Amino acid sequence: MKVRSKKIRESAQGQDCQVRLPGICNFNPETTIPAHIGNGGGMGSKVSDLHIAYCCSSCHDEIDRRTRLMDAEKAELYAWHGVQRTQEILCSMELIKVA
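Basically the working numbering = 1-based index in the sequence shown + 1.
Please note that a few of the clues may not be correct.
Here are the simulated lysine-lysine pairs, DSS-like style, with alpha carbons at most 30 Å apart [claimed, not checked]:
{"#": "1", "residue 1": "75", "residue 2": "3"}
{"#": "2", "residue 1": "98", "residue 2": "3"}
{"#": "3", "residue 1": "47", "residue 2": "8"}
{"#": "4", "residue 1": "98", "residue 2": "47"}
{"#": "5", "residue 1": "8", "residue 2": "98"}
{"#": "6", "residue 1": "3", "residue 2": "47"}
{"#": "7", "residue 1": "75", "residue 2": "47"}
{"#": "8", "residue 1": "7", "residue 2": "47"}
{"#": "9", "residue 1": "7", "residue 2": "98"}
The hints are simulated quantities; they were obtained by calculation from the structure and are not laboratory data. A quick note: this is a predicted structure, and the numbers were derived from the prediction, not measured.
Let the sequences and hints guide you as you build the complete structure.
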């Protein structure tokens with residue numbers, strides 16, 4: 002099941018980047034977007050909004066491989082850590098609730 006939530010996606014605005022790629026992150030919350038991490042199943046298809054990371058524009062370019070400044074596997078690992086940190090924030094904002 003793919004979760005779609007406008008509130009979750011909009012919550013990224015003004016947040017700190019949670020991916021934080023060393024030497025790449027711009028640490029500018031004005032550029033933060035909800036980056037979907039993982040294989041969405043094809044071109045233009047996105048994974049669930051539960052699998053987003055608050056991500057600055059520089060980190061987003063790297064994890065989407067528009068830039069290739071670091072090893073892809075290392076960038077993906079940082080991205081998944083960003084998802085974990087973002088999920089903690091979303092829980093604290095009560096946008097994700099655990100029974």
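Hint by hint, here is what the structure shows:
1. 75 - 3: Holds, because 26 Å separates the two Cα atoms, which is no more than 30 Å.
2. 98 - 3: holds, 16 Å
3. 47 - 8: Holds, at about 16 Å.
4. 98 - 47: holds, 22 Å
5. 8 - 98: Holds, at about 13 Å.
6. 3 - 47: It holds: about 9 Å lies between the C-alpha atoms, which stays within 30 Å.
7. 75 - 47: holds, 21 Å
8. 7 - 47: It holds: about 14 Å lies between the C-alpha atoms, which stays within 30 Å.
9. 7 - 98: holds, 16 Å
Checked against the numbered hints above, the structure breaks none of them.
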